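Residue strings, one per chain:
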Amino acid sequence: GAVVSQHPSWVICKSGTSVKIECRSLDFQATTMFWYRQFPKQSLMLMATSNEGSKATYEQGVEKDKFLINHASLTLSTLTVTSAHPEDSSFYICSATLAGQGWNEQFFGPGTRLTVL
Amino acid sequence: QKEVEQNSGPLSVPEGAIASLNCTYSDRVSQSFFWYRQYSGKSPELIMSIYSNGDKEDGRFTAQLNKASQYVSLLIRDSQPSDSATYLCAAPYNQGGKLIFGQGTELSVKP
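As you go down the protein sequences, you meet chains A and B in turn. Counting from 7, one number per residue, gives the positions in the first sequence under the numbering used here. Counting from 151, one number per residue, gives the positions in the second sequence under the numbering used here.
For reference, chain B alone in the conformation it holds in the complex (with noise of 0.2 Å):
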């Protein structure tokens, strides 16, 4: 299993749904967790990160964090265009600070 995993997608929403982008995620890495969006042709831009179990919330932003099941999600409310981004899940390797990123999930958000 790779240290960090993601779906490629592409994840096709419409405007206004819930997009729902999720990571798993193996026993090599830390259990701090960071999403990043990145625009296309543009670097990545943290958006959240979570630490502990359970959910943490920022504007329409979730993120879901099981400890027990090795994985953690994002979720987008409202969806909108804007939205649209690959979204890379990434977390530090157990044995220094480097983060290991996923192969990132593309979104799209159709009006």
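Next up, chain A with everything else stripped away, as it sits in the complex (with noise of 0.2 Å):
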């Protein structure tokens, strides 16, 4: 049980397009769910935190405008990098908490490596 699928597993894309990556929760509800960015030989950072039905919170320096957030369901979040460029390469890690778990224990989707040209 709780397993956390993402898609794309891994993305190139030329400089200044978008891309759009989902995180399920497959087999629970999720009740928040999170997004991570991890550079080479760096520990995780949290980009944001979405929770179902309403608007994400993002962490100091993290522009809203450009890393958009939608949490549809309680089984779907989805990431958008809008315009990316170079510096916005990187592996995307989402994770879900169980609904009703008050214990906060993450399960992390298997990353998306994004690579923009």
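These are computed hints drawn from the structure, not numbers from a lab. Any given hint could be a false lead.
[Claimed, not checked] Derived pair list, reagent style DSS-like, types lysine-lysine, alpha-carbon separation capped at 25 Å:
(1) K61(A) with K248(B)
(2) K248(B) with K26(A)
(3) K72(A) with K20(A)
(4) K248(B) with K47(A)
(5) K70(A) with K248(B)
(6) K26(A) with K70(A)
(7) K260(B) with K47(A)
(8) K206(B) with K47(A)
(9) K152(B) with K217(B)
(10) K248(B) with K206(B)
(11) K26(A) with K192(B)
(12) K152(B) with K47(A)
(13) K72(A) with K248(B)
[What the hints assert, rightly or not] In silico negatives: residues of chain A with every beta carbon more than 10 Å from chain B:
(14) P14
(15) C19
(16) K20
(17) K26
(18) R30
(19) D33
(20) F34
(21) G67
(22) N76
(23) S79
Computed from a predicted model, the values in this text were never measured in an experiment. Note that the Cβ used here is the ideal one computed from N, Cα and C, for glycine as well.
Make the complex out of the two chains shown on their own, each in a separate frame, by following the hints.
Take a look at the structure:
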């Protein structure tokens, strides 16, 4: 149980284009989903917290107009990187917590590797 | 002090030995802790969670929580080369559900 999927697993795009990444909880309902970014040899950096049906909460320094997050249902959240540039190239990982779970366990998706040319 | 701190390593142990990974935390995090394993190029995988003082065992893994000293550790018995990975310690902020991660400890198990 507690499986989280992401799609696509990798994407290469040209500078200036937008890329959408999907995060799904496959066998549970997730009240909250999180989006992280990880650069090589660095730890996870939380970008935003996404609750179903409400606006995402962005961490300091993360541009909400550049990283659009939609959490339309208890099993799906999407991250859209708008007007991507080479510095946005990174490993993007989502995670989800179980509805009603009080202990904050997060289950991670497999990640999406974005390369912007 | 950072909310959650780990030694970055690398920690190198021979196959079959006990690997000991340590993490200290501040008063700004709640006292439920998680250990994640992250292989190179992959996303983190939850391997242990601990909420109460003392030890919690799961197979070759033992998590230890000492609230008085504000540290949590992960012991891996009979270490295998397949255990070579980065291990992340995490705890939630007091004020919200988001997790704070340590910088991770890189473990290398030599055959």
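Report task. Compare the structure with the hints numbered earlier in the document and write down the numbers of the violated ones, lowest to highest. Result -> Failing hint: just 8.
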